[in-house]
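> Next come the chains, spelled out residue by residue.
Protein chains: 2
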Amino acid sequence: MLHLIGLGLADETDITVRGLEIVKRAERVYLEAYTSILLVDKEKLEAFYGRPVIEADRELVETGSDDILAGGDKADIVFLVVGDPFGATTHTDLVLRARELGIETKVVPNASIMSGIGCTGLQLYNFGQTVSMVFFTETWKPSSYYDRVRENVQIGLHTLVLLDIKVKEQSLENMARGRRIFEPPRYMTVAQCAAQMLETEEERQEGVYGPDSLAVGAARVGAANQQLVSGTLKELATVEMGAPLHSLVLLGRRTHDLERDYIREYAVNKETFDASYVKGYGASL
Amino acid sequence: MLHLIGLGLADETDITVRGLEIVKRAERVYLEAYTSILLVDKEKLEAFYGRPVIEADRELVETGSDDILAGGDKADIVFLVVGDPFGATTHTDLVLRARELGIETKVVPNASIMSGIGCTGLQLYNFGQTVSMVFFTETWKPSSYYDRVRENVQIGLHTLVLLDIKVKEQSLENMARGRRIFEPPRYMTVAQCAAQMLETEEERQEGVYGPDSLAVGAARVGAANQQLVSGTLKELATVEMGAPLHSLVLLGRRTHDLERDYIREYAVNKETFDASYVKGYGASL
Numbered sequence: 013m014l015h016l017i018g019l020g021l022a023d024e025t026d027i028t029v030r031g032l033e034i035v036k037r038a039e040r041v042y043l044e045a046y047t048s049i050l051l052v053d054k055e056k057l058e059a060f061y062g063r064p065v066i067e068a069d070r071e072l073v074e075t076g077s078d079d080i081l082a083g084g085d086k087a088d089i090v091f092l093v094v095g096d097p098f099g100a101t102t103h104t105d106l107v108l109r110a111r112e113l114g115i116e117t118k119v120v121p122n123a124s125i126m127s128g129i130g131c132t133g134l135q136l137y138n139f140g141q142t143v144s145m146v147f148f149t150e151t152w153k154p155s156s157y158y159d160r161v162r163e164n165v166q167i168g169l170h171t172l173v174l175l176d177i178k179v180k181e182q183s184l185e186n187m188a189r190g191r192r193i194f195e196p197p198r199y200m201t202v203a204q205c206a207a208q209m210l211e212t213e214e215e216r217q218e219g220v221y222g223p224d225s226l227a228v229g230a231a232r233v234g235a236a237n238q239q240l241v242s243g244t245l246k247e248l249a250t251v252e253m254g255a256p257l258h259s260l261v262l263l264g265r266r267t268h269d270l271e272r273d274y275i276r277e278y279a280v281n282k283e284t285f286d287a288s289y290v291k292g293y294g295a296s297l
Numbered sequence: 013m014l015h016l017i018g019l020g021l022a023d024e025t026d027i028t029v030r031g032l033e034i035v036k037r038a039e040r041v042y043l044e045a046y047t048s049i050l051l052v053d054k055e056k057l058e059a060f061y062g063r064p065v066i067e068a069d070r071e072l073v074e075t076g077s078d079d080i081l082a083g084g085d086k087a088d089i090v091f092l093v094v095g096d097p098f099g100a101t102t103h104t105d106l107v108l109r110a111r112e113l114g115i116e117t118k119v120v121p122n123a124s125i126m127s128g129i130g131c132t133g134l135q136l137y138n139f140g141q142t143v144s145m146v147f148f149t150e151t152w153k154p155s156s157y158y159d160r161v162r163e164n165v166q167i168g169l170h171t172l173v174l175l176d177i178k179v180k181e182q183s184l185e186n187m188a189r190g191r192r193i194f195e196p197p198r199y200m201t202v203a204q205c206a207a208q209m210l211e212t213e214e215e216r217q218e219g220v221y222g223p224d225s226l227a228v229g230a231a232r233v234g235a236a237n238q239q240l241v242s243g244t245l246k247e248l249a250t251v252e253m254g255a256p257l258h259s260l261v262l263l264g265r266r267t268h269d270l271e272r273d274y275i276r277e278y279a280v281n282k283e284t285f286d287a288s289y290v291k292g293y294g295a296s297l
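Heads up: the protein sequence lines correspond to chains A and B, in order. The numbering used here puts the first residue of the first sequence at 13, with every later residue one more than the last. The numbering used here puts the first residue of the second sequence at 13, with every later residue one more than the last.
Extracted from the complex, chain A is given alone in its bound form:
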C-alpha cells in the first residue's frame, strides 16, 4: 500500500494522528522535498517519528518511482507531502505508476495553503483560480499568469499567487559538466512577487492591476510566527517578511466590509490602504 500523507504547513506536529500512526508502522518513509518545504528540517521529523526518513528529490520521484514503490504490494510505503497531497501540487505520476503495479493508494489529507490562506481574513468563497509565479530571469519572464489574474479581476475575485521555490537546482555549468553540485535553495518573497507583477503590468499595459492595487502578503502560514501584511503592490514590493514560505493574494474588488476590516488591521499604512480601497473595492461594486 502506498500512503500519501499530508504534513500540513508548519512543523512536525502538524501531521494528523492518523498520519503519524501510519508513519510509525510503515516499511519505508519518503519525504517529497522539492515542490514545497516544511518549516523544520528532516532531522526534526526523524526525531519526532523515531525513525529514518528518505528525502525524495525530483530526480528520485521522476525516474526512480519503482524504487519508491518496491514491495508496496505487501508492505506500507509512505510518501510525505508538505501541505495536502492534493494541494498545490499533485503526485499523479506516482499514483498512476502504483496503479499499474497493482499497488493500492490511500491518502491522508491535511491543511493546504489553498485553504490555510483563509487566515488572512479573506473568505475562501471569494477566491478565483489560483496562479503560480516563477522566478523571472533576464530573458524569461512568463506572463501567462497575468491572463488568469485578469479573469479573476473581471469577476471581482481574489487571486492566490503561489510563489516559486528552487531546491537542489544546478547551475548550467555544473549541469553541463555533470557535477552534482547544487545551488543554495531560493524561495520567492512577497516583495519579489509584487515587483514581478508590476513588471508584467508595465510590459503588458493592459491595466489588470497597478501599483495602487491592494494585496495581502502572507509568510509562514500556520506557524507560530506567521506574518500578514496588506498594502498596495508598490508597498509590498519593498516589504520585508522574513523566512519562507511566502504567498500573496491580489484583492478582488468584490471585497466584503468584514474582509476589509480584517485585512486593514495589518496594513503597512492605513492611509494609503484606505485611499486605494475607496477607489476600487467594496462588495457593492
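Treat the hints as calculated values from the structure; they're not laboratory data. Please note that a few of the clues may not be correct.
Which copy is meant is left open, because identical chains are indistinguishable; a pair holds if it fits in one copy or across any two.
With a straight-line Cα cutoff of 30 Å, these simulated DSSO-like cross-link-like pairs (lysine-lysine) come out [as the list claims (entries may be wrong)]: (1) K291 to K180; (2) K86 to K54; (3) K118 to K282; (4) K54 to K246.
Use these hints to put chain B onto chain A, whose structure you have.
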C-alpha cells in the same frame, strides 16, 4: 487564549498532533456542531480525547459567546471546528468578540473540503469561486448561486458546490410555541443538489449548464469509505451515494486530459460520459 482547532474531514484521528496536545490540556473544549459534521459522534471524540466535549450549537455561539470565552484571558479554551477553522465557514464573530475581551486567538489548521476535493483528481488550480446550495422549499428556491456558477463556466473553471445541512432545526409550529423540539438532521445529497441545479436552469433558461453537463459527486471525502461518481447532471440526479457529507463539482470546460482520465474511471456510464465530454470539454477549448 482561544484556540480554533480544525478537526479535518473524517474521524477522530484526523486531528493534528499539535491540535490534540492543546485539546488534552485545555480548560474547556467546545465542538462547533451546526455548519458541518464529523463522520463520528461526540462520544467517540470524548473517548479519544479522554475528556468531556461541550456541543456548541448556533444558539450558544451566537448568543452565548461570552460563556464560551469566560476565563479565556487566563486559561486555554478550545473551539473545535470540522474541517479547517477558516474553511467553508468562519467564526469571525467569536474571534472579534475574543479580541474585544483582550483574549488572544490561535488557529490550528487542518484539511478542508476546499482542498480535500482534490481527491476527485480535478486540479485545485482549475477551480473558480465556491458556491453553496441550500435546500429548496415550495416557495423558496434561491438561485443567486447560478450567477456565480455562470462566472466560473464562462472562464471554463470547475465549481465546487457545498451542500446544505440542517441540524437542530425547529419546525415553525414548535418555534412558535417555544417548544425545544428539533427536527431530525438533514444533509443534502449529490442527487438532490443535481436535481435542484436542473430545476434552476429550467427556471432561468440561461444555458449555464444542462442535463448533459458533466459533474462529479463526492461523498465522505477523506474517509475510508469515500466515494466518487462522475456523470451528467441528469445521471447524478438519481445517483445513490450513501451517508453524508456530500459535495458536487460542476466540471469546467477547460478540463485537462489528465483530469478527464482520472474522473472517467469512476463514471456512472463511460459511454454517456464520453458523449458529453466531446461536446463541451477539453483544455484546448
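> Now tell me, hint by hint, if it's right for this structure.
Structure-based check of each hint:
Taking CA atoms no more than 30 Å apart as the test, K291 paired with K180 passes in neither setting, with 44 Å inside one copy and 44 Å between copies. When the C-alpha separation of K86 and K54 is checked against a cutoff of 30 Å, the pair qualifies only within one copy, where the shortest distance is 26 Å, while the shortest distance between copies is 35 Å. In this assembly of identical chains, K118 and K282 lie within 30 Å of each other by CA distance solely across copies; the values are 24 Å between and 47 Å within a copy. Within a single copy, K54 and K246 get their C-alpha atoms no closer than 37 Å, and across copies no closer than 49 Å, so neither meets the 30 Å cut-off.
Hint violations for this structure: numbers 1 and 4, all remaining hints satisfied.
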